[in-house]
Amino acid sequence: MIKKLLEAFFRHKWLLVLPPILIPGIATPIAVASTPPVYDAAVNVWVERPRFLGPQDGANQWLTPSQIESNRLVELLRTRAFSAEIAKRTSLAALVGSSAGETRIEDVLTRGVSIGRAGDHVLIIGVQAPTAQIAYELCTAIVDAYQEKTATDQADQSAVAVSFYQSQAQDADQRVAKASQDLRRYLSVLAASSDPTAATDPALPDNTRITTLDPKLNALQGSLQDAQTAANAARSAVAGAQREASASVQGQQLGFQVLDPARMPTTATRPIKKIIVYPIAAAVVGLGLTAILLALLVAGDRSVRSETDVTPGLRVLGAIPSLTLKRVPKQLGAVATRRAMGSPAGMALPAPARAR
Amino acid sequence: MSSQLSDGQAVAAGADTYLHTNPGEAGLSTLGQAPREWLFPGADEVFRNIYTRAGTGFTSEVLAVCSAIAGEGKTTISLGLAVTIAQDFPESRVLLVETDYHRPALAKDFEMEATPGLVDCIVSGEPFQVACRATFLENFHVVPVGGASPVPGRPLRSSRIAGVIDAMRQSYDMVILDLPPILVNSDAVLLTDLADGAIVVVRSGVTPLNLVNKAVEQLEESKMRGIVLNGTRSAVPGWLQRLVGM
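In the order they appear, the protein sequences are chains B and E. With this note's numbering, the residue at position 141 of the first sequence is 141, and numbering never jumps. With this note's numbering, the residue at position 194 of the second sequence is 550, and numbering never jumps.
Among these hints, one or two may not hold up.
Calculated cross-link-like contacts (lysine-lysine; reagent style DSS-like; alpha-carbon spacing at most 27 Å) [claimed, not checked]:
| # | chain 1 | residue 1 | chain 2 | residue 2 |
| --- | --- | --- | --- | --- |
| 1 | B | Lys4 | E | Lys570 |
| 2 | B | Lys326 | E | Lys464 |
| 3 | B | Lys149 | B | Lys88 |
| 4 | B | Lys13 | B | Lys3 |
Because the hints were derived from the structure by calculation, they are not lab data. Note that this is a predicted model, so its numbers are computed, not measured.
Please model the complete structure; the sequences and the hints are all you need to start from.
If you want it as structure tokens, here you go:
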């Protein structure tokens, strides 16, 4: 089989070599022409592990801060809301609001923004854009929008947490008030039935003695104490939540610091990787085409080329190689060969090409 | 005869321009001198191998050289075989008979008069010796097919052809019939019936296998000597052939 493939390849070598050369040859100028020069801007950010409220924040401890922030930023960049938020801060703001414009913004962000990492804490946000202004603006806008989004999220989470604990504190206060009111009412009733003086002042030392003797009074005082303990705990939780909220906002500011701000790019560059990809893909396509052509040529060749191609049972007496004479006009090739073969018997050779 | 070949000599004198090898080795000769040597060095050995494997040359017989379709090199192979046998067996008389009157070549190649030829003898009833032409080799004669048939019909299908071939068999030790293509001209099948053996010429890389098989099917199995592949040439470079063991 390999002999047939080689024979077919060398027999049609120009046809088979053409696709891997011609297709990249066509694709390369198209790739260069369709890949305009771009301006690069980049910003390096120092990131720390995000500080959420409470110690059990559910963050993956095995991911580095830069990985966490990178993943989050990539996810956000896929959303229309965040894209619009970025675009509003740039010259692309006019595109926000229209369907076509937002598609264009998404296209610019998808193609132009790259999020990279340099170590565990350094996040590199790179932007390629058709103009230097847009590259710079996008780079800055992404950082600003991300910081704002993070701060807003932190504030919202803090507000929800504080609100939750405050509602718990209110409930606890209400339970304290109710328990206190129940106790006061009981003592009033108790004093009215025995000693009016004692009823007016439940804080007297005699009352203490009374409570130790009265289980109902003892239970009411216990409820009051529990309610007060719960209220104290809730107030403490509110204070803690407020403290942590404040700390997390400050921590977030410290955990996302722009180390190298974006600079306005001055020179445009051609994205070599993009340009190279097309010729390589074209070469692969060309090679595939060559392989298909070769397979078709081998499969389609039904002619007898060697002894192995002859039907079994037929005897091959010999193979006469292709005999050609030099300087013979092409149209006389077969005649010249025949006459050369008969030359020992006196056959006349045709006139040579140069003599014609 | 001398006058017929004189023009050919003049053209042949310029044959050195064709030679691959040292022109001095070609040994071009004039009529009456020693025969020329082969212009393709080693070609005679190839033909020697073919006739040896075909089991011919050693006994008197009529050998038909045919092919499935036209342009496969029947005349070239017939000529090569005839010349080789004539050179190898000087005591044997060799006759090459051209029978394809649709594509005559011998008279033109030898630069001789086309008539009288085989067809003329069959039509006129003259003996075939009238159409025999001498060559540089004393024991090798050729019979061209002749001019256009003066009568309608297929002269090679007449009852006289068998008599002519029998007469050739009587006068020559080896008669080689250069037949028309089997699948194109059915006269070829008739002529192979009159021969003792048949060789099928196949143009390498051109003739489809199914046509070769069809042509072989039309021949008598007992007369089939074998196939000769003509124009074999590998396109693979020599170093690669050696590398992959081709």
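Verification of the supplied hints:
1. Using a Cα cut-off of 27 Å, the hinted pair B/Lys4 and E/Lys570 holds, with the two alpha carbons roughly 24 Å apart.
2. Distance check on the hinted pair: B/Lys326 and E/Lys464 sit about 21 Å apart at the alpha-carbon level, within 27 Å; holds.
3. Simply put, B/Lys149 and B/Lys88 have alpha-carbon atoms about 14 Å apart, close enough for the 27 Å limit, and the pair holds.
4. A threshold of 27 Å between alpha carbons decides the hint, and for B/Lys13 with B/Lys3 the separation of about 15 Å falls inside it, so the pair holds.
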